[in-house]
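Asks: Each chain, letter by letter, is given below.
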Amino acid sequence: NVKPKDPRIITSATVFDKPEAYKQFLAKLYATLSLTGQKGESGLPEISAPDEGTTAFLRGYWALQEVTTDECINAWGDGGLVEYHGHAWSDQNSYVNLMYQRLFINISYCNEMIRAVNDNPGGLSGTQKTEIDAYQAEARFLRAYFYACAMDIFGNVPFVTEADKPGAFLPKQIKRADLFNYVESELKAVADLLPAPGSSEYARANKAAAWALLSRIYLNAQVYTGSARYDQAITYANMVINSGAYTLHDNYAGLFLADNHLAGDEIILPIASSGANSRSYGDVTFIIHAGVGGSMDAANDYGIASGGWNGNRMTTAFVDTQFPDPSGATDKRAIFHTDGQTLTITNPTIFTEGYLCAKWKNVTSTGEIGGNATFVETDFPLFRLAEVYLNYAEATVRGGAGGDAGKALQLVNELRARAYGNTSGNITSSQLTLDFLLQEKGREFYWEAQRRTDLIRHGKFTGSDLLWDFKGGVMAGTGTAPHFSLFPIPASDLQLNNNLVQNPGY
Amino acid sequence: KKDNIVAVIKNNPGAPAITTPAAASTITITKDDMDTRVVMRWNRADYGAKAVLNYTVQLDKAGNNFAAPVTLGNTATDSLSITRAGLNNAVMTSLGLPANAESEVEMRVTTAFNKDTVTSNPVKFKVVTYKDPEPVRLQLWLPGAYQGWSPPAAPVIYNVEGSNYEGYVYMATAGEFKFTSAPDWDHINYGYEADGKLTTDGLKGGIIVPSAGYYKFNVNVDALTYSYTLVESFGLIGTATPGQWDNSTPMTYNATTGVWTVTTDLAAGALKFRANNGWDLNYGPAVTADLSGRLIQTNDAINITEAGNYTVTIDMRQSTPDGYTYMVVKN
Amino acid sequence: TGRVVDDGNLPLPGVTISIKGTNLSTAADVNGYFKLSNVPAGPQTLVASFIGYKNLEQTAEAGAAVNLQMEPSSLALNEVAVIGYGTVRKSDATGSIGVVTAKDFNRGAVNSLQEAITGKLAGVVITSNSGAPGNASTIRIRGGASINGSNDPLIVIDNVPVDNFLMGGASNILATINPNDIENITVLKDASATAIYGARASNGVMLITTKRGTKGPAQINYNVIASLSTLPKHVDVYNGDEFRSVVNKVYGNIPAVTALLGTENTDWQKEIYQNAFGQDHNISFSGSAKNLPYRVSLGYNNSDGVLKTYNFKRTTVAVGLDPSLLKNHLNIHINLKGLYNTNNFAEQAAIGNAINYDPTKPVRNGNTRWRGYTTWTDNGNTDINGAPVTLAPANPVAQLELTDNKSTVRRSIGNVQLDYKMHFLPDLHANVNLGYDYAQSFGHNNARDSTQWVYIPVVAGGRLNNYEENKKNKLFDFYLNYIKDIKSIQSRLNVTAGYSWSHFYNDGKSQSSDVARTAPQPLDSYITEYYLAGFFGRLDYSFKDKYQLTATVRRDGTSRFAEDRRWGWFPAAAFTWRLKEENFLKNSNTVSDLKLRVGYGVTGQQDLLTKNNYPYLAKYTISDQTSRYQLGDAFYNTLRPDGYDANIKWETTTTTNFGLDYGFLNGRLSGAVDVYFRKSKDLLSTVPAAAGTNFSAFVLTNVGDSENKGIEFSLNAVLAAKKDFNWNLGYNLSYNRTKITNLSLNGNTGTILQFGGISGTFNTIKAHVVGSRTGSFYVYQQIYDTNGKPIEGAYADRNGDDVINSSDLYIYQNPDPVIQMGINSRASYKRWDFSFSGRLSLGNYNYNNVAAGSTYRGLYSSLGYLANQTKAAEETQFTTALQTNMSDFYIQNASFFRMDNINIGYSFPDVKRLKIRVNGGVQNVFVITKYKGLDPEISGGLDNNFFPRARMFQLGLNCTF
Ligand SMILES: [Ca+2]
Ligand SMILES: [Ca+2]
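First to last, the sequence lines map onto chains X, P and Z.
For reference, each letter of the first sequence is one residue, going 265 to 770 in this note's numbering.
For reference, each letter of the second sequence is one residue, going 107 to 437 in this note's numbering.
For reference, each letter of the third sequence is one residue, going 74 to 1034 in this note's numbering.
Next comes chain X alone, as it looks inside the complex (with noise of 0.2 Å):
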């Protein structure tokens, strides 16, 4: 028997002797969110590809998120993102098949770690061990958040948990309901485990998460399970609320600056990103980078020295319904570079056309460069208070129970409030329809990697009724298959898994 000599490698046998193993661990399953491997950008990765940065979670869910939708294009040809935009993937699409694996992978690891608690405490001593069922709780959390985007990605998928060891085993496909019951009782269950709101370490999920995420999936529960959970969506977003913890960011744009750690008073949890300590060509290093070209001053204005990669824009059908002042003056959300660019998009390669989307920066709100030429400092926020106030009137507006309408106005109102900077913007109860939700949602919250989520229950994803430049891959926009609101099980894994069926349509 060989024991690995290099003592980066550590087997099973021993690695929980030391408790701070625990801890490592634990940071392993939020690294998991950006992160590729276990050495920088590149190097010891946990799925390979031609390009370790397309594995990270974070660039894949927004490249299906945004690039699938109207608020974004993509200008580099690639024949996956191509495929995207056009509604035209195929179970062979390498996205699709990378996102999956990401999304397993990163499962598996939140498996291990509960076992690994459960398997483990030995020798601890009591706030150790109070410490480490701290960290089963969270791993908990974000095995349900892995599969609350398993569940809205793909619908049917493989299914296991703990008590499923690793090895050559085939596993059994839940269905799309059921998985919604299971992730749903998982939050609620781990909801009571975990640190009240705001008391959490930065970038831990605490109970406010776990709400937020509950809100998120009642509010699309009609899509997962056929039944409509309106009440329950108001019911999580009011916990939130309540809770008192939270309130909005006094700044909009500050959100997505590489200071952003301060807004914690809005972000309710954020990936955080590091440029010295935390490098992934996965995290909103991609979102920057992937964003930033033609006549932006990319070391200056954005904090990346080492270029922009002109690749993604906003549609022209985006920006045009969104926001007919792009200019910010009116609503300061309208965060776009458009000089040297044109609004109208008739070659989607050519990176100038189509307006810009500045609103993610490397910058500092006082102006400064983040650290690293490359790596940005920015965090991304994964759940953050505007989601839940969107989530209460949306779910007041489709009729929940216990919804208060005067409430969801108010809300509205101050999101438009701070977007305007005085209550100019603020609308009536009879403009807050579902129409005017949308575009709201998608004013607060473009490329924050939401968007297909809302446009599928709004009925707008597939089918004709909202059009988009290139949407079914011709210029004007056409109408798509609705059983592109799915997304297939990977070839790859049909072939390996006997248990699986595909998805309707492929």
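Source of the hints: derived by calculation from the structure; they are not laboratory data.
Worth double-checking, as some hints may not be accurate.
As the list claims (entries may be wrong) - Below, in silico cross-link-like pairs of lysine-lysine (DSSO-like), each with a Cα-Cα straight-line distance of 27 Å or less:
no. : chain 1 : residue 1 : chain 2 : residue 2
1   : P       : LYS116    : Z       : LYS862
2   : X       : LYS269    : Z       : LYS582
3   : Z       : LYS544    : X       : LYS269
4   : P       : LYS156    : Z       : LYS862
5   : P       : LYS221    : Z       : LYS862
6   : Z       : LYS547    : X       : LYS269
7   : Z       : LYS582    : X       : LYS267
Claimed, not checked - Non-contacting residues of chain Z with respect to chain X, defined by C-beta distances greater than 12 Å in every case (computed):
no. : residue
8   : THR303
9   : LEU365
10  : TYR620
11  : GLY937
To be verified - Below, a sample of chain Z positions facing chain X; criterion: calculated Cβ distance under 10 Å:
no. : residue
12  : ASN375
13  : ASP697
14  : GLN827
No residue lacks a Cβ here, since even glycine has one placed at the ideal position from N, Cα and C.
Start from chain X and add chains P and Z with the ligands according to the hints.
Replies: Same frame as chain X, now just chains P and Z with the ligands:
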């Protein structure tokens, strides 16, 4: 030349051939089947290689030789389905063919691949269109002494919701008037029953306004109630106006043009309208950023972004479907 | 003392040597050495006798070293085959074996050993990976069976199996050996021959034997070759004028684009390539010091590359000592090889950038920010001192001149082999072999600051990169060998049984930072090791010299697998029937040899081609300092469970081989035909793990089966054998096809493993697909117009769903040749000699990535730069469509005939003991091909800015005295 050229297009590609609708068939559109779909089918064009093609389906009046066709849609497949509503609209609106009538149209399918365009033979068929009768906007006429008791020449107020009617009318003299359901005396005319109550007994007398002036009337023809408010003036209010939120800047009614207007200096800020220097009757914009548009009852104000001298006009006659409207013009 | 060799200078073990008129006699050991003691003084007559050879008598002074060269009694029995853990008479060899001796080496192949035998052996395909001096080669014996396991053959040098894993900075194991030191190379091809090497033998075995000292007068040999390398062909790109005209044609209405054009006509390829000189010196001393045969050689090679700044220097030393002790009962062989190699690798990205760099720009434009080298700057290139467009092509001249990429490799391979002939039972030998293979490489790959192409971690901050790697491999072999002629039953028995142990250790580290060290990257380091152990046995039984049976069995264990999976059995058996010895052929002159061979064997594979030598262990990996995660105010190194397969086990290959060795016309025509069929199962493959079941998305496991079949044919013809005129011709042909028969655990046939990245984040061009050849191209099917011109962006909708997406990709052609032929010839007339060798490769296809990357669309990038294109852009004129590089249009037939070398020599009349030969030759003389890229011969078939193979003119001088 390459040795693996297997997918080569033909010199004379085969055109698509329409199979549905059949020639001389008739598609009848009715009120109830607007959402159902009509499927057009054809046999694919043959370019000799399995290329993905984009078919364009066009429709024109029969015999027009596709001089002014309407495109029903594009597809890569061998069929196109459109709602009957869509077809109906294409035939009536785009081709200008008559409503509620049978017309002959012809359809063709075109596709192009690598500079070679092929077009199917046209197929003629008939479409029976459907159009709802024009919705009638319910009105009440206000003939009276102030205008010589002539219903056809009388000003009107409009139905707003259910059996409620609302509107502003300028009466140049005090005196009696009635509400009539048509611009004649042959239909229902509503007279005075009691204060605030109407009667349909045509023989009863009219309602009396105590003075000449600009009135707002509200009527419910089911409950047989009415009310009126004298508007002594409309005025500007808000942070854009000299009186801020406290005092209205009065506007003037022009009996000839029928609108209220004022020319005044405005600051950047909010602008709304109210009657009688009070808040009982106040109106704001449907879209705050717009300098002209609909007036509605709202908390919003028009956003005046530039200070300057403006002419502000409001039109409360509801003579267009927009209802009450405003216009703010910088001089 | 002395040594017995055959006419090919191969040792003849087992030869009986006696002194006429005495009863003194002995037998030669496995390396042909013998020693007689108590010889009476004065001249004596030695008699050597051996089955299959003519008896030889030679007179020598007692005590003098004698070299006995025996001639075969009939051609068929003339050779000894080196087979691993000993030798057998070639007549007894039962497996498929190919031998190239030094005299058959391609003349002038001075830079690497593999060039010396390219094209010489049926079924052995050697492809140099680039045109750089001292470059690596890919060697495939009968194709490769593995998907993710190694497909490299096992290389054994003087009985020491060496590690063929490329080291950081070292170019190639075979390039580190001086070809002048090699006596012969034996290739074991089928499993009945290789199974004695069990675990490492699935891809065939190359046994390399170095030259030895001989008894007799000391001999000095000096060999020098001077060479001049030139580039036979440049990539056809637009020149400055053409570029201006095509940019104006395509972008004429966009002033922002045309404003980027310059006024020069720079031929960037001319700027980066040169005619390169090389020199190669070898001197060897051999003979016998007292009774100690020795050979010492020194080699020095210094070659420049055709790419400017590229340089390869190699100094080698080899010492071979063969003492005999204990009255010749103990024969010792000591080998020591040393290597000192330095490389200047040059920045090879310059090759691609020389194609893409705007030809209208000068090499230097006088800027002050970019060290004067013309550099693309932002804002429309308006300020020559502006910020860089970091993703634009880099100035290739700057890349060559500002990069410092040097490595040093030190390597030593040595062994001591003790062969003890039992005093009580001389037929029984005990053999101990202790060997080592230590190597160290270190180097740096630095770039100056103020360079546009190095921008991480500090933009334009340059790069300091240092690396180091160490390998320490140790070997211990022990075996007993018993050889007995049992005349009474006309049988001969040769039995071997032994044990082998080896340890492989490897560590390395590297570190990078910017030049000012403001942002050093974390140290990257690793340590890894594994062990192999095996028991083996072999029985050779020969009856009447007509029938031979060989049975081998080996049981191997590897530390790479879990305890219960660790050991594998690798049995083999072979049978031969020498028809020539049958009565009906015995006296035939027409048929001088005829032998039928049938072999069957199982071999194993555990070489994982990764540094992870613990694939079965549940491990955790702690992250480095740049993949930490923030929780609260602190950053934590993260701890990750790693993917593993606890049940990983041997990949096995079963080979069946039918062979026929033939000789006609008294041996003037001879050769062999082999037909083989191989089945590999439990392929070590990195495949996706079923989602949710493991800790990595892909896991190395045993999945999949493949089938490999082939035919090999070889012919050697003596066309003339006269006193003044000799002419030999060699020809070989091989046909080989490997097909994947399964890729999944549950028999699903749809599994597709895509690989072979080209430009674009996810564009891969190759795939393994069940039912197709391994590593075939996986592409869209181009649609052409009636003139045969590809229609831009038009691909066949192969599954008929009216959408072109990744489901329409299909398998089209394969990079591996279906048929390979080698032809070589040697002629001598009086003092002149002439030789050539060439190869024909048929059915191999390349993906022409250089052409695929060339479109009108590529002329201008919205990042604000222009890029030159090859003239392939003119052929397609693609302007907008995406992914045109995934079209089968760029899969091009790369069948070729290459004349590898032509050499002519003249030997001067001997002046006393001084022999002088001069020669001149050309390497890589010409290539005939339809392929449109620079060179059709690309291992793996992905032609992407290949370091071009040079044509080399050589002059050589060889002196012996
Ligand atoms: Ca941060
Ligand atoms: Ca298809």
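Asks: Does each hint hold? Answer for all of them.
Replies: Structure-based check of each hint:
no. : hint                  : verdict
1   : LYS116(P) - LYS862(Z) : holds, 13 Å
2   : LYS269(X) - LYS582(Z) : holds, 14 Å
3   : LYS544(Z) - LYS269(X) : holds, 14 Å
4   : LYS156(P) - LYS862(Z) : holds, 16 Å
5   : LYS221(P) - LYS862(Z) : holds, 13 Å
6   : LYS547(Z) - LYS269(X) : holds, 17 Å
7   : LYS582(Z) - LYS267(X) : holds, 20 Å
8   : THR303                : holds, 36 Å
9   : LEU365                : holds, 40 Å
10  : TYR620                : holds, 45 Å
11  : GLY937                : violated, 9 Å
12  : ASN375                : violated, 35 Å
13  : ASP697                : holds, 5 Å
14  : GLN827                : holds, 8 Å
Hint check: violations occur at hints 11 and 12; the rest are consistent with the structure.
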